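Protein chains in written order, with our numbering: chain A, 37 to 146; chain B, 528 to 644.
Honestly, the hints are just simulated from the structure, not real lab data.
Predicted, not measured: the structure shown is a model, and the values here were computed from it.
Virtual Cβ for every residue (Gly too), placed ideally from N, Cα, C.
Accuracy of the hints is not assured; some may be wrong.
What the hints assert, rightly or not - Examples of chain B residues lying across from chain A (beta carbon under 8 angstroms, computed): (1) 579; (2) 620; (3) 635; (4) 638.
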Amino acid sequence: QKEVEQNSGPLSVPEGAIASLNCTYSDRGSQSFFWYRQYSGKSPELIMSIYSNGDKEDGRFTAQLNKASQYVSLLIRDSQPSDSATYLCAVIEGYSTLTFGKGTMLLVSP
Amino acid sequence: GAVVSQHPSRVICKSGTSVKIECRSLDFQATTMFWYRQFPKKSLMLMATSNEGSKATYEQGVEKDKFLINHASLTLSTLTVTSAHPEDSSFYICSSTVRESRTDTQYFGPGTRLTVL
Chain A
37 QKEVEQNSGP LSVPEGAIAS LNCTYSDRGS QSFFWYRQYS GKSPELIMSI
87 YSNGDKEDGR FTAQLNKASQ YVSLLIRDSQ PSDSATYLCA VIEGYSTLTF
137 GKGTMLLVSP
Chain B
528 GAVVSQHPSR VICKSGTSVK IECRSLDFQA TTMFWYRQFP KKSLMLMATS
578 NEGSKATYEQ GVEKDKFLIN HASLTLSTLT VTSAHPEDSS FYICSSTVRE
628 SRTDTQYFGP GTRLTVL
């Protein structure tokens, strides 16, 4: 049974701070990792993907992957109230079905 | 990223009627599409995997005779909720994968909110 674990939150951060969202996964064969953002009442939206150990930056977002520890994280710099949403971590092995975590709710207060 | 559309975005129907939801890939061909359901404040739940030209694969506990899936072309999959009841009221989301060099990347449609009276 492949599992993806996330703290459900809410994670509360003040505007301008760095938000750190974490995810662990059970399947060592997982090769690709994704972060989705889901606003309340909306469908998930892909933010970032990461495949190799280390950091990947895209604007205010940085994904970090550590395959040895089976850990992937998402950092959001200069957090804005508009970043308030649920963030879903997802992993996949090759070309197969995506396994989602239950998501972490992020609240950014002005 | 790839664009996936859904229609309708919102539907209200009477108990006992059937509702069809369409999912289209707009700028790519989708061999595989997925159907999810999400209740308020709950996690995404995968209902079924839809493969073009073949029968859908349903997750455990999902009634295939109640949730009919048809994937007749590479750009269209439909989900029909038959004899809908109030407990079927939910947010239904489809997604499709784009095959890239190392993996399949999944993109979601905007969702369909179903309310059964």
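Each hint, compared with the structure:
1. 579: 15 angstroms, violated
2. 620: Nearest chain A Cβ about 5 angstroms off; hint holds.
3. 635: Interface hint status for residue 635 of chain B: holds (4 angstroms vs cutoff 8 angstroms).
4. 638: For residue 638 of chain B, the interface hint holds, since the closest Cβ of chain A sits about 4 angstroms away, which is under 8 angstroms.
Checked against the numbered hints given earlier, the structure breaks only hint 1 and satisfies all the rest.
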